[in-house]
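Asker: Residue-level listing of the chains:
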Amino acid sequence: MITKSKIDELLLKRIDNLELSDSLFELKHAMFSAQRKVSVDRIKLAMESWQETEGEDIEIRRAKLFKKILEQVPIAIYDFDIIVGRETEHLVGAPLFLDQVGDAIPGLWDGTDGLDLNQEEKEIVKECSRFFAGKTAPDHVMKVWHSLVGTWAEDIIEAKGSDPTPDSGYFPGITCRALWEKILSKGMRGMIAEAEAGIRRFQEMKETDINKYYFWQAAIIVCQAMIDYAKRYAKLAISLAEKEPDPARKKELYEIAEICEWVPENPARTFHEALQCMNFIIVGRGLEAMYPVLIGRMDQYLHPYFEQDIREGRLTPERAAELVGNAITLWGMKTVVQVGKTQKQTHQFSYSINSINLSGVDRKGNDASNELSYLILHMVGLLRLSSPTVLFNWHSKTPRWLLLKALETNYLTKGGIPLFENNDHVVASFVKDGTPVEVAREWYGQGCVTPILPTKIDHNGSEGKGAVNVAFILDLTLHRGVSQITGKKIGIDTGDPRSFKSFEELYEAFKKQYRYVINRVLWLGTVAQSVEPQYLRFPFNSCIVGPECMEKGQDIMITDETHSYGISDRAIVDTADSLLAIKKLVFDENKLTMSELLEAIDSNFEGEKGEKIQQMCLKAPKFGNDIDEADYMVRDVGEFSASVIYAYQNPFEQPCKISREGLSWHYFGGLGVGALPNGRKAKEPLNDGSISPMRGMDKLGPTGVLRSALKAGFEESYASCLNQKFSGSVMQSAESREKLAVLIETFFNNGGQHIQFNLVDTAELLDAKAHPEKHRDLVVRVGGFSAYFVMLSPEIQDDIIYRSEYGC
Amino acid sequence: MSSLITNIQGYSIHDGPGIRTVVFLKGCGLECIWCSNPECIFPYPEIGFFKNLCTKCGQCASVCPNQAISAKVGQLPVTNREICCGCGACSAVCVQEARVLYGKAMKVDEVFESIKADQLFYQASGGGITVSGGEPLLQPKFVSELLRKCKEAGIHTCVETSGYAPESALRQVLPFTDYMLFDLKLLNSDLHRCYTGKPNELILNNAKIVTSSGLEVLFRMPLIPGINDDPQNIKETADFLHSLGGKTIGIQLMPYHELGKGKYESLDKLYRLAGLSTLEPEQVETVQEMFKARGISCTISR
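Protein sequences, first through last, are from chains C and R. If you use the working numbering, the first sequence closes out at 937, no skipped numbers anywhere. If you use the working numbering, the second sequence closes out at 305, no skipped numbers anywhere.
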């Protein structure tokens with residue numbers, strides 16, 4: 130309670146009363162309505178640089194490439210910018226990264242890429258694609274895999290059995306946050322000094338590892354490039370100021386110029402400088418690698434600047450709101466062009482993964498919530514941003530006032546912002562694996578729920594072992610190792626299920642199949658870890674993200690014990706529900722023979738008999754209804770899967786962590802899985818989240834789902850993902866939010882890991898009206914009344930759709 | 004001992020303090036024309052039919068023991084309500100769940116077990132069970148037994164009533180009740196009879212008994228445009244509340260909504276308020292102000 134008395138409640142009240150300023154409204158409006166533009170400037174410069182540096186060391190080449198881009202890429206400052214800097218000159222633009230992923234833009238050659246480029250730009254993209262094709266790290270990984278296992282790796286990727294692919298751009302350390310405290314307090318000049326010290330040490334101690342020497346040289350090049358890049362903005366701001374007729378904006382532009390002259394070269398002195406410094410680093414990283422560097426626990430490392438500026442009267446809450454609003458809008462609108470085989474069937478353009486973490490505890494375990502956490506939540510709510518993700522780091526001492534503010538923001542944004550994650554579980558997981566508790570408390574969430582330690586470099590996928598599709602492996606088991614969708618043999622022959630005498634025999638076959646697939650995926654991924662750094666380095670990312678890179682003189686791409694990797698074993702609930710359906714229908718109750726079931730599955734439940742069997746499958750017990758055998762089946766599959774993954778011996782001795790995240794993978798992953806015994810048809814989406822019930826199959830409402838989730842446990846996973854969908858009234862009033870807060874607290878106090886609330890949107894309501902059979906579980910609540918949407922009369926459905934659209 | 008239950012609804016947040024589970028009993032002495040739970044009015048099982056979910060497979064007709072359903076291929080089945088005995092044979096085979104059995108006989112213990120499952124959430128929020136319906140006080144034995152078990156298990160108990168029940172029934176349930184939601188619809192007894200089918204003297208008398216028992220009670224008023232939102236009724240309601248004295252003089256407004264309409268159609272019942280428009284928030288606030296002006300604290304259920 131000591132912390133609570135320190136909270137400035139008057140300031141919180143002032144924050145509550147803050148409204149969206151005109152300039153923020155203008156910024157948001159402009160960015161939301163802007164055409165998202167692909168820019169070829171970066172990739173053109175990258176190709177030129179790569180040609181110029183042919184024959185030099187890879188670290189130096191990558192540093193020079195970075196420098197050339199930062200020196201020459203066109204820049205812009207828009208009228209409503211207070212925080213300046215974007216990766217392209219466009220309001221919302223996306224650079225290309227073919228130098229890292231090669232010829233990986235889906236549809237480029239047959240004209241179906243969907244990228245809005247003119248003829249000249251398209252030629253540049255094609256030229257760069259041709260130039261980098263076959264030369265990049267992913268290309269080499271695929272070549273090595275091919276020579277090791279033939280087409281197996283391609284086959285499992287095609288069947289959506291594992292993902293992402295090496296050409297997805299998710300290289301080691303890409304999904305980490307920057308070392309913000311260090312960057313803000315030392316500046317790039319401080320980084321350069323460290324690199325120079327490394328070089329001096331090398332000379333004095335007569336060291337011999339030339340890679341270190343090259344790394345430090347590269348570090349100096351990239352940090353200096355970053356400084357010079359900021360000064361380009363300073364110059365631009367001055368030239369704009371000279372022409373600016375509005376005296377207020379003129380003054381502001383001069384101020385911007387001054388700040389860009391100072392940061393990121395030097396330590397930030399004010400809240401404004403700190404945010405501007407962050408944005409430069411984010412843009413710099415966004416020009417080196419495909420995804421923006423994570424923001425992390427922004428309310429912690431920025432709080433000293435905020436607090437000091439407010440205390441000394443340099444900053445009003447209004448101005449702070451303006452700055453925070455400006456920064457998070459910029460960060461939320463980061464756009465990437467999706468590349469690679471994994472991404473092909475999702476979307477071409479997407480907002481980047483990024484995440485702001487709020488609340489949590491300090492190293493001593495005390496509540497870390499503060500006024501800045503509150504302000505950030507307020508601004509996310511006012512701006513109604515769907516990106517960046519906000520992770521609310523809940524812990525048992527999280528104050529209610531902040532939790533209620535988070536729920537208010539959730540109500541305003543409507544969709545899952547913020548997500549709520551249980552710090553106590555995450556910390557306990559890290560501690561269990563040998564991390565000192567003080568370090569564990571500093572965890573932060575990657576783009577979604579996956580926790581990372583600031584002392585580690587996380588790997589998340591370019592090695593193809595970011596995620597495995599557990600339901601796909603059940604599919605293989607039911608078909609003697611052959612994928613129902615692709616018809617290719619990817620697993621081993623674990624016997625004809627028709628010959629199995631007991632459920633145990635089937636479960637054993639599944640486990641055998643699982644061990645085979647997982648161990649292969651992990652092995653190939655580990656091989657990829659040693660292939661990638663031969664062809665790709667990230668000197669700038671190493672400086673700003675790698676906790677020990679500067680000291681060691683080692684690029685972030687080179688794997689050692691400071692690296693960790695996460696894996697998500699997905700679709701466990703689908704798998705467990707399916708296994709249980711087989712157990713009940715075929716073995717316990719003898720309602721079906723295995724032949725009949727398999728025939729129905731192979732025909733995708735078509736025909737009269739097929740449909741009848743599908744209904745029997747759908748009626749089998751399902752996770753999410755507080756039914757012990759269904760919930761414990763999920764638990765058992767989860768524990769088994771974890772035991773296989775944790776048993777894998779990694780030569781780098783990095784701890785592997787299982788984190789069962791969700792994202793929007795269930796659509797993509799579903800495409801690779803044939804019809805399942807839980808009643809789901811072929812290629813349909815799998816369950817969303819990792820511990821959410823099958824769609825439409827939870828009948829007890831939220832508390833029933835939570836009880837099931839608690840029983841399934843997933844204690845072996847660092848995080849899991851439970852999505853809940855409500856109609857607006859569940860969060861509309863302060864009183865309702867109080868009750869929702871209790872729901873979260875109760876769930877987390879009893880071991881829950883994550884929960885996220887989405888409000889039902891208009892599109893879903895419209896779909897539910899058209900396809901009621903797919904939306905049986907959609908509940909609408911009004912005051913004390915709740916009803917299944919599909920059971921409302923059509924006019925009332927229309928009325929609710931109308932209200933949802935117009936927010937009344 | 005068992006009762007017909009139409010629904011047990013977890014995470015109910017508008018029917019009493021905290022997070023609650025509401026048990027809906029079947030059978031009510033009133034037939035309010037605005038009722039949003041028409042499936043709870045009659046004290047026997049009924050079949051609801053949602054035609055938008057029906058695939059016209061004809062299964063329902065083939066299993067009906069009374070031949071109450073006529074189904075032609077490619078056409079929606081028609082139920083003869085006079086022969087239907089509500090046995091649920093049709094709803095059991097309906098894979099689309101287009102046919103729903105309203106009224107499942109459940110024993111006290113069965114209901115109690117499903118209530119108890121959420122105890123975790125009641126404890127943290129100060130919530131518990133709310134017995135609603137229908138009119139729970141028409142089944143005093145079942146309700147008092149259920150609530151007694153809940154109280155023994157440390158679960159907070161709430162009864163939501165129309166007040167239309169014998170005084171003896173009310174007195175039987177009161178000792179096991181921690182909190183009561185009590186509807187006041189119309190103070191003019193003739194109008195009350197006109198819109199609900201019954202006069203209101205019994206209800207008003209029960210309201211006095213509840214208040215004088217010292218039980219914590221929240222009076223609630225379904226606010227139906229053109230029927231009970233007029234100044235006269237508001238004045239009379241306010242006067243009545245003042246006459247009660249008691250711990251809390253307050254009322255909660257529950258603005259009319261049409262969400263129950265689909266259920267009327269499913270029961271082949273006429274929705275008598277068709278075409279009545281719902282109240283705008285400002286209109287509801289006007290009524291709220293009228294109560295406040297008369298010294299009654301007034302909230303709006305949202």
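Read the hints as simulated data drawn from the structure, not as lab findings. As the structure is a computational prediction, the values presented were derived from the model and not from experiment. Be careful, since some hints might not be right.
What the hints assert, rightly or not - With a straight-line cut-off of 20 Å between C-alpha atoms, the simulated EDC-like cross-links for lysine to aspartate or glutamate are:
id	chain 1	residue 1	chain 2	residue 2
1	R	264	C	768
2	R	59	C	757
3	R	272	C	867
4	R	264	C	208
5	C	828	R	113
6	C	828	R	186
7	R	54	C	924
8	R	54	C	927
9	C	898	R	116
10	R	119	C	740
11	R	152	R	112
12	R	59	C	145
13	C	748	R	100
14	C	840	R	268
15	R	59	C	927
16	C	898	R	155
17	C	810	R	116
18	C	903	R	100
19	C	738	R	113
20	R	59	C	740
21	R	264	C	928
22	C	641	C	735
To be verified - Some but not every residue of chain R turned toward chain C, in silico, with C-beta under 7 Å:
id	residue
23	13
24	16
25	22
26	54
27	57
28	120
29	123
30	127
31	179
32	182
33	239
34	242
35	271
36	273
To be verified - Label-pair ranges, simulated between beta-carbon atoms:
id	chain 1	residue 1	chain 2	residue 2	range
37	C	867	R	253	14 to 24 Å
38	C	796	R	273	51 to 61 Å
39	C	928	R	107	25 to 35 Å
Heads up, the beta-carbon is just placed ideally off N, CA and C, and yes, glycines get one too.
Asker: Under the constraints set out in the numbered hints, which ones does this structure not fulfil?
Answerer: 1, 2, 3, 4, 6, 9, 10, 12, 14, 15, 16, 17, 19, 22, 26, 27, 31, 32, 33, 34, 35, 36 and 38
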